[in-house]
Amino acid sequence: MKSFRKIIEINHPKKYGIIRITDEVEKAVKESGIKEGLCLVNSMHVTSSVFINDNEFGLHQDLLDWLENLAPYSPSKYRHNRTGEDNADAHLKRSILGREVVIAVTNGKLDFGPWEEIFYGEFDGQRVKRVLIKLIGE
Amino acid sequence: MKSFRKIIEINHPKKYGIIRITDEVEKAVKESGIKEGLCLVNSMHVTSSVFINDNEFGLHQDLLDWLENLAPYSPSKYRHNRTGEDNADAHLKRSILGREVVIAVTNGKLDFGPWEEIFYGEFDGQRVKRVLIKLIGE
Amino acid sequence: MKSFRKIIEINHPKKYGIIRITDEVEKAVKESGIKEGLCLVNSMHVTSSVFINDNEFGLHQDLLDWLENLAPYSPSKYRHNRTGEDNADAHLKRSILGREVVIAVTNGKLDFGPWEEIFYGEFDGQRVKRVLIKLIGE
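Protein chains in written order, with the working numbering: chain Z, 1 to 138; chain E, 1 to 138; chain W, 1 to 138.
Hints are not guaranteed to be accurate.
[Stated by the list, open to error] In silico DSS-like links for lysine-lysine, alpha-carbon gap of 25 Å or less:
hint, chain 1, residue 1, chain 2, residue 2
1, Z, Lys-27, W, Lys-35
2, E, Lys-15, W, Lys-77
3, W, Lys-35, E, Lys-30
4, E, Lys-6, Z, Lys-109
5, Z, Lys-35, E, Lys-30
6, W, Lys-77, E, Lys-2
7, W, Lys-77, Z, Lys-6
8, E, Lys-6, Z, Lys-30
9, Z, Lys-2, E, Lys-6
10, W, Lys-129, E, Lys-109
11, Z, Lys-35, W, Lys-129
12, E, Lys-27, W, Lys-2
13, W, Lys-109, Z, Lys-2
14, Z, Lys-6, E, Lys-109
15, E, Lys-6, E, Lys-129
16, Z, Lys-109, E, Lys-129
[As the list claims (entries may be wrong)] DEER-style ranges, computed between Cβ atoms:
hint, chain 1, residue 1, chain 2, residue 2, range
17, Z, Glu-138, W, Gln-61, 42 to 52 Å
18, W, Pro-75, Z, Glu-138, 42 to 52 Å
19, W, Lys-14, E, Arg-82, 29 to 39 Å
20, Z, Lys-14, W, Gln-61, 23 to 33 Å
What the hints contain is simulated information worked out from the structure, not anything from laboratory work. All values derive from a computational prediction rather than experimental measurement. From the three backbone atoms N, C-alpha and C, an ideal C-beta is built for every residue, glycine too.
Chain Z on its own, in the form it takes in the complex (with noise of 0.2 Å):
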């Protein structure tokens, strides 16, 4: 059995935003040479999510949008400000997106459908974040 660890770092310029990093992961899985085995992707952080969806500029406005609407910034409104912290939300938004995904790996490639494309969503961004990926397999 191989295993493979990489880390991916990111300062996203805005506080939300997504950032697409499924050429990050295909390169990981080359560099691996893993060609049958699973790849696990993962946000380091509790406020900001990995996930899978399309690559499509409008769908990732809506996604955001949507977020904001099922978990709005309003720091007053949570018990998590009393800490100080003003990003109670972006911990509620991350659990909906996800923390991680697990990719199947096949003939040394991501196995996937033809619009799936990984994602980093930041809730609460403008500093330097870390995604780890982590494959296992022969």
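Position chains E and W against the provided structure of chain Z, taking the given hints into account.
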């Protein structure tokens, strides 16, 4: 280490629906010959989900009604509509139920609690779609 | 390839609550002897979640209040009620926080960012429930 890959094809007669796929996944585990490992089951499409919940019809209706309430079908309200797509709601609904499940395989079987069953959630049906099953283990 | 399986039993004194289980999972990783691999942690029940977020009590209250708002306890409004079950809300709440997490194991430890902690989210408690930990790796 062994690995195993299998595709299930699903063509749901309606736009929205929930289909039980536990038996197909159990069959794949048996075919794989893997006794101890992990089993990934994911939708290969960005408008549908694979998830684990209770096999009860009333609850499935509750799930669909609830998702419609949280992410209504209403093409004109979404920016994704500008590309000619009317299925933005499907991309959002799938974000709640999730793309994938990872299940432990123990003694050659899905290592489930008493009520766990695997479902495919369709939010843009009436066409052939695919679910990927990938196992690794020994 | 090695594999390891362990069950944690949880009996939450209230219907709803969030319990930190990071230490139990770290202990299982140590017991497994696995240095490089993947660790699956999942609820074996369909009315509770395993998820990763911040270990801050105010935020946990925010999470529970937010879930109650998105999927209220209100048996008569759900069709699941017809089977005599009053816990439809628990099945919906669990759908948002998710059933499982998959965590990288690196150098024999959970490969976490600075604030990542593992929690069990109970939405239908006051009975014994189980969390499954399954590791594979080397």
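Non-conforming hints, listed in increasing numerical order = Going through the list in order, the structure violates hints 3, 6, 7, 11, 14 and 19 and respects the others.
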